[in-house]
Every structure is written in C-alpha cells, then in structure tokens.
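What follows is the residue order along each chain.
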Amino acid sequence: MSEAFYAITLIWGLVFIYAVMATIDFGAGFWSMIYLNRNNTKATNIANRYLSPSWEVTNVFIVAIVVALFSFFPGATFTLGTVLLIPGSIIILLLALRSAFLVFSHSASSNYKRILTIISGITGFLIPALLICVLPITHGNFIETTNGAERLLLGELLTSPSVYAFMAFAISSTLFLSSLLLSDYSNVSGDQEAYDTYRRDAILVGPISLAMAALLVLTIRNEALWLYENLMNYIPWLIGSIATFALGYASLFIPRKTGVGIPRLAMISIVVQYLLASYAYGSAHLPYIVYPNVTIETGFTDPATFRALIVTYIVAFFILTPGFIYFWRLFLKDKRYLKQNES
Amino acid sequence: MDELVIARSLFGMTMGVHIIYATLGVGLPFMVLIAELMYQKTKDKDYALMANRWTKGFAVLLGVAIPTGTIAGVQLSLLWPGFMEVVGRVIALPFQIEIYAFFLEALFMSIYVYAADRLSPIMRIVSVTLVAFGASASAILITNVHAFQGTPDGFEIVDGKFVNIDPWEAFFNRSFFITAGHVTVSALMTGAFVIASIAAYKMIRQRGNTREYKFHHKALMMGLVIGGIFSLLTSLNGHESAQQLYQYQPEKLAAAEGLFETQRYAPLAIGGYTDKEEREVKWAIEVPWALSFLSDDAFDTEVLGLEEWPEEEWPPLFVHTLFNSMVGIGSLLLLLSIVGFTWYKILKRKKFPRWLMWGFIATGPLAMTAIEFGWIFACTGRQPWIIYHVMKTEEAVTTSGNIGLLFVLFLIVYIILMISTVLVLRYYFNRNPISEELDQ
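Line by line, the protein sequences are chains A and B. Throughout, our numbering is defined as the position within the first sequence, counted from one, plus 109. Throughout, our numbering is defined as the position within the second sequence, counted from one, plus 38.
For the record, the hints were derived by calculation from the structure and aren't laboratory data. Just so you know, these numbers come straight off a predicted model, no measurement behind them. Built from N, CA and C at the ideal position, the CB exists for glycine as well. Mixed in with the good hints there might be a few duds.
[Claimed, not checked] Covered stretches of chain A (in silico footprint by chain B; criterion: 3 or more residues with CB under 8 angstroms from a CB of chain B, positions within the stretch not fixed):
1) 165 to 174
2) 180 to 190
3) 259 to 266
4) 408 to 416
5) 422 to 431
[Stated by the list, open to error] In silico SDA-like cross-links for lysine to any residue, where the CA-CA straight-line distance does not exceed 25 angstroms:
6) A:K442 - B:I163
7) B:K81 - B:F379
8) A:K222 - B:M456
9) A:K442 - B:S158
10) B:K94 - A:R223
[Stated by the list, open to error] The following label-pair restraints were derived from C-beta to C-beta distances:
11) B:G442 - A:Y422: 35 to 41 angstroms
12) B:G442 - A:I231: 25 to 31 angstroms
13) A:F114 - B:G439: 32 to 38 angstroms
14) A:I344 - B:S158: 50 to 56 angstroms
15) B:L447 - A:A355: 40 to 46 angstroms
16) A:I199 - B:E351: 32 to 38 angstroms
17) B:R317 - A:F114: 56 to 62 angstroms
18) A:F114 - B:E351: 38 to 44 angstroms
Using the sequences plus the hints, can you model the full thing?
So, in structure tokens, the structure goes:
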C-alpha cells in the first residue's frame with residue numbers, strides 16, 4: 110500500500126477521534142442548556158463536570174486535523190482552503206466564542222452563567238451541523254471552476270437535500286453519543302437521577318440518528334452516485350454497523366441489580382457502530398479527497414517531508430500518551446472528581 | 039479595496055489580537071514559575087499568593103489565546119492556500135510539532151486548573167512548568183515558519199516545482215535561532231513588565247505603607263528585575279537580528295533605516311519619516327557611520343540602499359517608523375528598569391517618586407506596543423514577498439472573494455472577546471481582592 114494511503118488513514122483516524130470527542134463535548138454543552146431550568150440540576154452538573162476539563166483538549170484536535178491535512182496533502186489544501194473559506198470561517202468563529210465563554214463561565218458570577226451556558230448550548234448543535242458540511246462539499250457538486258479558480262456554490266449548497274440530511278445526522282448523532290457518554294458518566298458517579306435522564310434521552314435520540322443515517326445514504330444516491338456505488342461495495346461493514354447499533358441500543362434495556370441498562374457496553378458498541386460506518390464511508394470516498402480533481406495521489410506531500418512527519422508522530426506518541434493517561438485518570442476515573450458536589 | 043489588502047488586514051488583525059494573548063501566555067507562566075521559586079527560597083507567603091493569582095489571570099487569558107490560535111492556524115489555510123501548499127511540502131514540521139506542544143499545554147492546563155486541589159505540590163509545579171514549556175515551544179515553532187518565510191532553505195526550484203526537499207534543513211533555516219530567540223525573550227520581558235505595571239498601578243492607589251502596598255512592591259521589583267534582564271537580552275538579540283537582515287534580507291534593512299543610496303560609512307537615521315518622493319528620511323537625527331558599523335561591525339561596511347531593487351519590490355516605507363518605535367520603546371524599558379533598580383537597591387530609597395511610578399505603570403502597555411510594532415515590522419517589511427524571493431503574497435491569496443464580510447464578522451468577535459476578557463478579569467479580581475487573601 111502506498112504512503113499516501115497510510116497518511117489518509119492517519120488523518121481519518123484523527124477525524125474519527127475528533128468526531129467522537131467533539132460530538133460528546135458539543136452534546137454535553139447542549140444538554141447542560143436543556144436542563145438549566147430543571148429543578149434537578151444534577152444532570153447539568155454532570156454535563157459541566159465532564160465538559161470543563163475536556164474542551165481544551167478536544168479543541169486541539171481540530172487544529173491537529175487541519176495541520177495533518179495540509180502537511181500530508183498540500184495539493185488538497187489549495188482546493189479545500191479556497192472552497193471552505195466561508196463555512197470554515199464561521200465554524201472557527203463559533204468555536205472561538207464557545208471556547209472563550211466556557212473558560213469565562215468558570216470565573217464569572219452565577220448571573221452570567223445562564224447566558225454563557227446558553228451560548229455553549231446553541232453553538233453545541235450549530236458547530237457539528239456546520240462541520241459535517243465539509244463532507245458533502247468534498248463530493249464535488251458544490252464546487253465551480255472558472256478560469257482555473259475554484260469557488261463554492263453557496264446557494265446550491267444551502268438548497269441541497271443531501272446537505273440537510275448530513276446536518277440532521279450530525280445533530281442527532283451529537284445528542285445520541287453525548288447522552289450515552291453522560292449516562293455512563295453519571296452511572297460511574299453513582300448519580301441515579303442523572304443516569305435516568307440521560308438514558309431516556311439516549312433511547313429517544315438513538316433511532317432518530319439511525320434513521321438520519323439511512324436518509325443520508327439515500328440522498329447520496331441522488332447527488333453523488335459514484336460515492337453510492339462505491340459504498341455498496343462495503344455492505345458488510347454497513348450491516349455490521351447496524352448490528353452494533355442494535356447491540357448497543359438493546360444493552361440500555363438489560364436489567365441489572367441496581368437498575369436498568371449497561372451504559373458502558375452501550376457506549377462502546379455505538380462507538381464501534383460509528384467506526385464501522387465511517388470506515389465504509391471513508392473507503393468509498395477514496396481515492397478522492399475532493400471529487401473529481403483531488404485524489405490522495407495528486408495531493409500527496411513530498412516523500413522526504415512525509416517521512417520526517419511520521420518520525421515526529423512516533424516520538425510525540427510516546428511523549429503525549431502518558432499525559433493523556435494522566436488526564437484520563439484525573440477526570441474520567443477519579444472517584445473524588447466524579448462524586449464531588451459542584452455548586 | 040482589492041482582496042489582497044483585505045485578506046492581509048484580516049490575517050493581520052487575527053495575529054494582532056492573538057499575539058497579545060500568546061505573548062502573555064509565554065510571559066506569565068514564567069513569572070508564576072519565578073514566584074514559586076522565590077517562595078521556595080524565601081518562604082515568604084506573598085510569593086505563593088502571587089503565583090496563585092497570576093495563574094488565575096493566566097487561565098482566563100488562555101481561554102482566548104487557544105481559540106484565537108485555532109483561528110490563526112485554520113485561517114492560514116483559508117486565506118493563503120497557495121502559501122500553505124508550499125508549507126505542506128517543505129516546512130510542515132514546525133506546524134506538526136507545534137500541535138504536540140499545543141496538546142501538552144492544553145492537557146496540563148486543564149489538569150492545573152481543574153484538578154489543582156487533587157495534585158501534590160510537585161505535580162503542580164510540574165504541570166505549570168509543562169504549560170510554560172508548551173506555550174514557549176508553540177511560540178518558537180510558529181516563529182520557525184516566520185523565519186523560513188524570510189530565509190527559505192531546504193529546497194530547490196526547478197521549472198517552478200519544489201524539488202530536493204530537505205524538511206529538517208528548512209526547519210533549521212538560517213534565521214531560525216535568532217528570530218525565535220527574539221520572540222521568546224521579548225515575550226518574557228513583556229510578561230514581566232505587565233506584572234510590574236499592575237503592581238505599580240495598585241501601589242499608587244494605596245495610602246501609606248500597608249500590608250497590601252508591600253505585597254505589590256515585591257511584585258513590582260520582581261517585574262522590573264526580570265523585565266530589565268530580558269529587555270537587555272532582547273536588545274542584544276535585536277542587534278543580531280538587524281545584522282542578520284543586513285546579510286539575508288538587505289532590502290528589509292534598507293527600508294527599516296530609510297536608506298536609498300548604497301554606500302560605505304552609512305549614517306543611522308533615528309526618528310523622522312521616510313519620504314518616497316525625495317528619497318530621504320525627513321526630520322531624522324543622523325548618526326554618521328553608525329549604520330555601517332551596526333550592520334557588520336566596521337565603519338566601511340557597504341550597506342545596500344533601496345535603489346538596488348525595482349520600486350515594486352520595496353517594502354512599505356512606513357516600516358522605518360515601526361522599527362524606530364520598537365527599538366525606542368525597548369531602550370526606554372531597559373532604562374526604566376535600571377533606574378528603578380538603582381533607586382531601590384543602590385540608593386536605598388524606600389519610596390519611588392510619582393513620576394517614576396507612572397513610568398512603571400506605562401511599561402506593560404509599552405512593551406505590548408513594541409511587540410505589536412515588531413510583528414508588523416517583521417511581516418510588512420517582508421512584503422511584497424510571502425516567501426522571500428520565492429513567492430509573492432498576491433500569488434498565495436485565496437481567490438474565493440467575500441473577505442470583506444468575514445473581516446467585519448471577525449472584527450466583531452474579537453471586540454467581544456477582548457471586552458469580555460477585561461470584564462471577566464476585573465470581576466474575578468474585584469470579588470477576590472488581595473486584601474482578603476493576605477489576611478488568610
């Protein structure tokens with residue numbers, strides 16, 4: 110297999126990690142807004158306790174993806190940078206507002222906490238909806254080339270059913286994954302009330318997200334037949350993805366000694382579901398980065414640069430992994446953190 | 039206005055906002071570290087309190103530094119796709135390594151802020167050190183790309199294509215060490231002077247020799263001493279930076295000094311403004327022979343003037359003023375810290391006169407202004423090139439249009455972020471006044 114293939118696999122891996130971390134992060138912001146006015150504020154606390162330390166780290170991933178993309182595929186940078194100017198700028202603006210206000214809410218008074226929570230909640234579903242638009246844009250239908258200059262057809266983009274299917278999928282997935290993680294998180298924290306709330310949300314949103322995924326595949330058939338035909342070569346992966354969904358969803362109903370459902374198993378199955386589906390989508394998308402002009406071969410970087418980059422990845426992996434483990438243990442495993450009563 | 043000017047303004051605005059936060063992101067954790075070490079040495083609780091309060095402020099600033107840094111990183115690809123295509127091929131390493139530094143900073147910042155109560159004292163110092171290290175490394179690595187833009191190395195161009203690429207040679211390009219050094223020491227200097235400013239401002243509002251006054255006095259002296267040391271280093275390094283311009287980017291030096299004619303025994307023009315029509319610097323103080331000597335340590339050094347290049351390749355001539363202001367402020371800061379130190383430690387006077395206090399209050403804003411002038415000088419002085427003698431800025435800019443609208447959107451968001459930073463900081467420190475914490 111070619112170096113370009115390894116590089117795109119690495120990038121797709123980063124995209125997947127970011128997608129999972131970010132949907133949870135954005136979803137947590139959304140839930141903490143939804144439960145802001147409830148008397149049982151525990152559900153909000155759980156969301157905030159997860160959100161506070163994690164967004165900064167999640168945020169780095171988006172820069173990591175951009176950097177990996179232009180380092181490994183500088184040829185794709187030109188096209189992507191040009192056509193994503195408007196959507197990309199709006200995304201980073203919203204991200205900046207959200208990140209800054211999340212930090213501010215930590216130091217600000219409770220009078221302001223309301224508005225800060227609302228900002229983080231609204232951006233919590235706007236950002237994933239906008240982020241996912243990058244995918245239909247790479248399908249090529251919304252790019253016009255005049256005199257060698259590429260341009261994004263914003264009008265067409267905003268009237269395409271496929272784009273809206275992608276957006277609906279992004280929002281429902283965001284809510285589904287985050288409610289699952291938060292139900293697991295509240296279960297570990299021993300917070301039954303919050304667990305019930307988030308479990309109910311997951312049960313509600315899960316089937317919607319699956320339906321949106323099906324809708325999305327249908328609109329791909331209409332708008333990007335090449336992709337649909339390729340995707341049909343990966344039917345076993347898609348079936349596997351549906352099967353893991355069924356497993357995850359069912360595990361929310363398994364009775365236990367202390368209640369109903371095994372959220373950890375549900376969470377893991379659903380992540381596997383997304384992994385299988387995104388593998389199928391990503392493979393079907395190859396060799397194109399942006400259809401039909403940019404492929405992983407035409408966009409690939411200089412071989413010497415590629416090798417130097419890989420060396421840094423390996424070194425960084427060994428340096429950063431202990432940091433991530435330490436982080437994980439402090440915030441996702443430490444009972445003292447999970448069980449504290451935040452005011 | 040044409041799209042190139044708007045694109046440059048938009049990116050310039052992003053950098054102008056980001057460097058305020060990024061500079062403090064490098065300077066403040068270093069001050070925190072010094073305060074922690076002072077506490078270990080003197081066992082004076084005031085220093086521990088300083089470290090604590092500065093970290094609180096730093097955490098708020100980082101809340102804007104990280105998103106504006108994210109914007110800068112993404113905006114590079116959006117606004118300058120032609121440039122980033124070359125970057126990806128030749129000078130991708132610093133960006134990539136910067137991501138790791140960024141991860142390190144974000145991980146340990148979260149740990150330091152949200153898990154502080156569960157960390158051992160050792161792990162707290164380790165965490166804050168890693169944050170400081172990550173911040174400085176980010177700054178140095180981004181400067182690495184800037185250095186490459188001025189002295190591009192590590193590739194050849196054959197038929198318009200980049201070949202024989204050596205990414206590590208591009209990384210260790212000729213001006214990397216001096217340029218990165220300049221950014222680092224000037225950021226450390228600025229962090230220290232900002233601390234000195236705040237302390238001096240608080241002192242001037244105190245009556246008498248209160249407990250609080252003494253606290254701020256210690257902070258002021260710390261800021262002045264550290265600031266003084268790093269302004270000295272900045273000026274020494276600045277001299278090397280200028281010599282490097284003489285060697286590698288002579289038209290930038292010529293524009294900085296307003297020199298039109300190539301000559302030996304070239305004079306140094308201080309102040310004034312460059313008149314393009316009459317080809318001279320008006321209203322300047324001229325020091326005979328000084329420019330030649332500063333450029334290469336000999337009075338008979340031949341310094342190239344702007345006449346050597348076609349006019350469309352001249353950098354904008356206002357850089358002379360930016361350059362002078364930067365050097366002027368740097369010298370003033372050095373002087374102020376020497377006066378302050380002498381007054382207190384050598385003349386043993388207990389109180390500073392009011393005019394000197396106002397001078398100290400000015401140090402932080404002045405240092406930040408010098409940083410802004412320095413960056414604008416460094417980047418506009420390279421124009422019309424985005425990569426010196428390789429690629430012009432106009433070749434790299436996006437073709438997609440609509441940048442004017444984006445400029446307005448980003449301007450609004452930056453205004454919101456800057457105002458809320460001030461409000462949040464004020465709110466926090468008003469609610470947790472130093473007088474209360476001192477009593478505990």
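Hints versus structure:
no., hint, result
1, 165 to 174, "holds (count 7)"
2, 180 to 190, "holds (count 10)"
3, 259 to 266, "holds (count 3)"
4, 408 to 416, "holds (count 4)"
5, 422 to 431, "holds (count 4)"
6, A:K442 - B:I163, "holds (23 angstroms)"
7, B:K81 - B:F379, "holds (23 angstroms)"
8, A:K222 - B:M456, "holds (18 angstroms)"
9, A:K442 - B:S158, "holds (18 angstroms)"
10, B:K94 - A:R223, "holds (22 angstroms)"
11, B:G442 - A:Y422: 35 to 41 angstroms, "holds (39 angstroms)"
12, B:G442 - A:I231: 25 to 31 angstroms, "holds (26 angstroms)"
13, A:F114 - B:G439: 32 to 38 angstroms, "holds (35 angstroms)"
14, A:I344 - B:S158: 50 to 56 angstroms, "holds (54 angstroms)"
15, B:L447 - A:A355: 40 to 46 angstroms, "holds (44 angstroms)"
16, A:I199 - B:E351: 32 to 38 angstroms, "holds (37 angstroms)"
17, B:R317 - A:F114: 56 to 62 angstroms, "holds (58 angstroms)"
18, A:F114 - B:E351: 38 to 44 angstroms, "holds (43 angstroms)"
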